[in-house]
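Trainee: Line order of the protein sequences matches chains A and B. In terms of this note's numbering, the first sequence has 321 at position 321, counting the first letter as 1, and numbering is strictly consecutive. In terms of this note's numbering, the second sequence has 260 at position 260, counting the first letter as 1, and numbering is strictly consecutive.
Any given hint might turn out to be false.
As the list claims (entries may be wrong) - Computed list of chain B residues with no C-beta within reach of chain A, every gap over 10 Å: (1) Asp149; (2) Leu199; (3) Ala201; (4) Glu212; (5) Ala261; (6) Arg269; (7) Lys314; (8) Phe324; (9) Val325; (10) Asp417; (11) Leu424; (12) Arg432; (13) Pro466; (14) Pro508.
Said to hold, decoys possible - Derived DEER-like restraints, expressed as beta-carbon distance ranges: (15) A:Asp379 / B:Pro161: 24 to 32 Å; (16) A:Glu199 / B:Trp69: 40 to 48 Å; (17) A:Glu3 / B:Tyr440: 29 to 37 Å; (18) B:Gly156 / A:Gly493: 38 to 46 Å; (19) B:Ile510 / A:Asp379: 50 to 58 Å; (20) B:Ala474 / A:Thr190: 35 to 43 Å; (21) B:Asp77 / A:Leu60: 38 to 46 Å; (22) A:Gly195 / B:Tyr440: 26 to 34 Å; (23) A:Asp106 / B:Val321: 41 to 49 Å; (24) A:Thr463 / B:Ala184: 20 to 28 Å; (25) B:Arg432 / A:Asp122: 55 to 63 Å; (26) A:Glu405 / B:Ser423: 35 to 43 Å.
As the list claims (entries may be wrong) - Short derived list, chain A residues pointing at chain B, Cβ under 7 Å: (27) Val182; (28) Ala417; (29) Ser451.
It is worth saying that the hints were derived from the structure and are not from the lab. Don't be surprised by glycine CBs; every beta carbon is placed ideally from N, CA and C.
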Amino acid sequence: MAEFPLRSIVIVGGGTTGWLAAATLARVIGDSCPIRLITLPEDHAGGGAIASVPSLHRLLRLLRIDEAALMRATGATFRLGSMFRDWSAIGDSYFNGFGTFGAPLDAVPFQHHWLRHAASGDHKGFEEFSMSAQLARLDRFALPGSDPRSVLSYYSYAWHFDSGLLAQYLRECALKSGVVEVAGDVATVTLDSTGRISEVVLTNGHRIDSDFYIDCSGARAVLGSALSSVNEDWSAWLPCDRTLTLRTNSGDRLPPYSGTVAATAGWSSCIPLQHCTVQAQVYCSEFASDEEIESKLSAAASGGISHAPILQRLVRGRPREFWMRNCLLLPGDTIDPLDGTGLHLAQSGITRFLAHFPVGRSSPTDTAEYNRLTADEYDRLRDLLVLHYHATRRTDSPFWNRCREMSVPESLARKLALFADSGRITIAEEDHCGVDGWLFVLLGQGLMPRSYDPLVESMPIATARRALGGIAAEMRARAATLPLHRDFIARCGASAPL
Amino acid sequence: MRCECTTVNPTPPQRIRSVVIVGGGTAGWMTAATCAHRLNDGSCAITLIESPEIGTVGVGEATIPPIRWFNHSLGIDENDFLRATQGTFKLGIEFQDWARIGHRYMHPFGIPGLNMEAPVHQRWLHLRAHGDTSAFEDYSLNVTIARLDRVAQPAGGGFGPMYGHAYHFDAGLYAAYLRRYSEARGVRRLEGRIVDVSLRASDGFIESLQLEDGRRIEADLFIDCSGFRGVLIEQALKSGYEDWTHWLPCDRAVAVPCESAGVLTPYTRSTARAAGWQWRIPLQHRIGNGYVFCSRHLSDDEAAATLLANLDGKPLADPRVLRFVTGRRRSIWKRNCVAIGLSAGFLEPLESTSIHLIQKSITHLFNLFPDRSFSPVLEKEFNRLALAEYDHIRDFVMLHYKANARDDAPLWRYCRDMPIPDSLAWRLECFRGSGRVLRYPADLFAAPNWLAVLLGQEVWPEKGDPLVTRHEPARLRAEMQEIRTTIQRLAQSTVPHEEYIARHCRAPPIAAPGQ
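Please build the complete structure, drawing on both the sequences and the hints.
Mentor: Right, here's the structure in full:
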């Protein structure tokens, strides 16, 4: 075997991020490089739920994970997007779904046809042109079709998982691929004279040394803090810094989406799993105390609470550098969970690492490129999160007043200015949500541009009206033919054992 | 910054009622044809003004694959277009004597290898380090087909992303073809010379153009396709020019068509010469040739003599000299004027990007098409996107000059030592470090293009990708052999270029050859 630049990799932290990283690395390079994972005491807390985005399909393919088996093992449900309530104004709601907005009518993007329609006073809600929204409204679900001419191919999906069970499932994948698990807690992290990590010492005295380390310890940042990692501070833009999570019995309905309801100091989420519903409050500690939030949470979760509420800190920022010397920081699950991008960030963080795998003890160009690309990804994601908070008309609380009046990042301001002028979105790089994901948030939060692309007007208005009516009718009709979400889970063999 | 969106329903745009295009070269008629197609409900008058005595430059006779989307979007049939323009197929560019004298390589279209997942160049580099002597080109279907002077049939070949094609054509005939297309769709063509441009006192917008014969032409939107001079964007609106001569020192070209001789090659050839490079573009009825050179190192007469001494056949006209300054305008959309083509900037056609830059500017313009309020937001976004295209292509063209090992002439020594933009320097450093090609947002040229030129110019990485080098070479040898064999077999299923043209798109003979 030819020489491999790293003799071993050590991952610190055994939550979903840590096991996802371990399983992925083991799958790709496990036979060249032994991988160990240190599980920390707090990893066993469990109790939460994770909403994912469709990019996770790629990871399942890479890890050769069977979808139905994964869903059975994790009590998972399908996810078409999120239902937002009370965000732009109390009483308003919209569905932000995975998939396309409308259908291509000509060379002009669909939103301009919709905006032209709105301008003429005939206001059909944009959700009538979103297949995922149509399905969500009816609690229906089936796998999307592959015929690009059918509206059944106009949506995509992800999943909701029980986070403890998902970590467990990924752990089994990782162990099967040869990852070695070390239980313990980190007492000290030793750096050598060049500032690289030379070993990790556990509280039981066990010393673990390696060529390379990956920090998956969440907000605790065990390795990041030893390396004096500095965060870009986003607290002026992302208000929420805590979550409090509680598990309740599921209701009669099984919605194929997560619910998020804006509250006076943050928002609450509701994630349906097969065996329970996970309720959480995500809030800003400057505007509400933990006790206040806890009593609110318990009141909302009337029956059958099975765990004490779990308090977690969120990080309002990102590391300035994600790859420092011989250490990679994967802090995805500490970011505001509003968009369900925690797993996505872990996944793209580790696959990007494989694409920039160090060629030797140090690999300066790959390190710098990794950091540039990852920072860009976090910043784009931040902008989308900020938009949710900022685009509001709520004046009922100091929290929303501050969000409404904040000064947004320049990259977001540029995007908003272009949209505000004529409803256009330009995205230079592949975003996890695409142009239509941005549009759903912008239109859902009630923002309207001054005008729209003048080129739509080359289509006679009667033709456009017929086309739009046809799309909406087709989506509505086809959505009603799909099975209920709950029935589909049973039918496709994804039901978790009771 | 604040969000300036409202919750009020949008108001209909105040549509542009008239567009005037100044200049009737390739840029002018490509723009006119797109206007005719996209503004086709009769609400907008489209006028093109061309001056009969100003010849078109017509150096951009070789293209890259996106031209097919342009033609397709206008509903143009490929064979009809090739017949009308004396067109031929292009599978890539052969670079002769660029890395060093006596060396050649091809920059092909299409992706090397049989699939996109495993980086074939990393496997190739790894085997090469262990004594393998196969050429990187052996893994490119396009190069293999091109070297046989064949093309896929049907065009496109059903080979997926492994195969790509563009065209060589007579730019003058292409402009004429698009003129017929445009005029049939209502574009009005005026002959005349512009003697004055009047700007509105209140905001500096262009109000009207004054023609020599006294006519005054007004419009909402003006498109400057007037070539290097930039009659509107520069002479009237003083946009300013960013001079890139220190990075791309060639400033002249001498061009001459010659008779065809020998087999019809399906690729462009670029041969490096002492003070620049010579192009060879095979068309159905002739071969287009030119010598792009740096006037600091060579006189016009010397350049013409070198060119005439290196033709395949008899010259069909007197050599014509063109002068240019490499660079681009500081803004190419200003107020109610957008510059498209050479009026926006000039990059030597080493990678056949002149027509592509026209196409890209047209695409950006129609994605951000203004209404009469001419929002500065659109202007800003257009400039951000369109200027970045120039910067990116500049880096790609510069790489050919920078990474040379020629020691025979001052131009090549200068280029090897010259400082380069940070974006290119970083790209080179990344490749030298680990053989990886970085990607910036919206890059036109992707990893396969950069790799062809990096490896072609003999830039070697210090280390390879560990995910590949961890494998024993013996294990990779068999699968790499398999790729070569498959590519050879696929290449045999194609037809000779000449035969394809004869069967599908032979142009009628032209009475007077050349332009």
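Trainee: Each hint needs a verdict: does it hold in this structure or not?
Mentor: Hint check results:
1. With a cut of 10 Å on Cβ distances, Asp149 of chain B stays outside the contact zone with chain A, its closest approach being about 37 Å.
2. In this structure Leu199 of chain B is separated from chain A by more than 10 Å, as the shortest Cβ-Cβ distance comes to about 24 Å.
3. Listed as a non-interface residue, Ala201 of chain B keeps its Cβ farther than 10 Å from every Cβ of chain A; the least gap is roughly 26 Å.
4. The beta carbon of Glu212 of chain B is kept farther than 10 Å from every beta carbon of chain A, the shortest such distance being approximately 33 Å.
5. With a least beta-carbon separation of about 44 Å from chain A, Ala261 of chain B lies farther than 10 Å from that chain, consistent with its non-interface assignment.
6. A cut-off of 10 Å between C-beta atoms confirms that Arg269 of chain B is not in contact with chain A; the least separation is 34 Å.
7. Its beta-carbon lying about 46 Å from the closest one in chain A, Lys314 of chain B satisfies the requirement of being farther than 10 Å from that chain.
8. Annotated as non-interface, Phe324 of chain B keeps its C-beta farther than 10 Å from every C-beta of chain A; the closest such distance is 30 Å.
9. Interface exclusion of Val325 of chain B from chain A stands, the closest Cβ pair being 29 Å apart, more than 10 Å.
10. The non-interface label for Asp417 of chain B is consistent with chain A: the shortest C-beta to C-beta separation is roughly 22 Å, beyond 10 Å.
11. For Leu424 of chain B, the requirement that its beta carbon stay farther than 10 Å from each beta carbon of chain A is met, with the minimum near 14 Å.
12. A beta-carbon of chain A comes within 10 Å of the beta-carbon of Arg432 of chain B; the shortest separation is about 8 Å.
13. For Pro466 of chain B, the requirement that its beta carbon stay farther than 10 Å from each beta carbon of chain A is not met, with the minimum near 5 Å.
14. At roughly 33 Å from the closest C-beta of chain A, the C-beta of Pro508 of chain B stays outside 10 Å, upholding its exclusion from the interface.
15. Between Asp379 of chain A and Pro161 of chain B the C-beta distance comes to about 31 Å, which sits within the given range of 24 to 32 Å.
16. Hint check: Glu199 of chain A to Trp69 of chain B, Cβ distance near 56 Å, so the stated range 40 to 48 Å is violated.
17. For Glu3 of chain A and Tyr440 of chain B, the Cβ-Cβ distance of about 32 Å falls inside the hinted range of 29 to 37 Å, so the restraint holds.
18. For the pair Gly156 of chain B and Gly493 of chain A, the supplied restraint of 38 to 46 Å holds, since their beta-carbon distance comes to about 41 Å.
19. Restraint check, Ile510 of chain B to Asp379 of chain A: a C-beta distance of roughly 56 Å satisfies the suggested window 50 to 58 Å.
20. Hint check: Ala474 of chain B to Thr190 of chain A, Cβ distance near 41 Å, so the stated range 35 to 43 Å holds.
21. Distance hint check for Asp77 of chain B and Leu60 of chain A: the Cβ-Cβ separation is about 44 Å, which falls inside the suggested range of 38 to 46 Å.
22. In this structure the hint that Gly195 of chain A and Tyr440 of chain B lie 26 to 34 Å apart at CB holds, the actual value being about 30 Å.
23. The beta-carbon spacing between Asp106 of chain A and Val321 of chain B, approximately 45 Å, falls within the hinted interval of 41 to 49 Å.
24. A beta carbon spacing of about 23 Å between Thr463 of chain A and Ala184 of chain B agrees with the range 20 to 28 Å that was offered as a hint.
25. In this structure the hint that Arg432 of chain B and Asp122 of chain A lie 55 to 63 Å apart at CB holds, the actual value being about 60 Å.
26. Hint check: Glu405 of chain A to Ser423 of chain B, Cβ distance near 38 Å, so the stated range 35 to 43 Å holds.
27. With 7 Å as the threshold, the beta carbon of Val182 of chain A stays out of range of chain B, its nearest partner Cβ sitting at about 25 Å, so the hint is violated.
28. Annotation: Ala417 of chain A was flagged as interfacial toward chain B, and the flag holds, the nearest CB pair being 5 Å apart, inside 7 Å.
29. Interface hint status for Ser451 of chain A: upheld, as the beta-carbon distance to the closest one in chain B is roughly 5 Å, under 7 Å.
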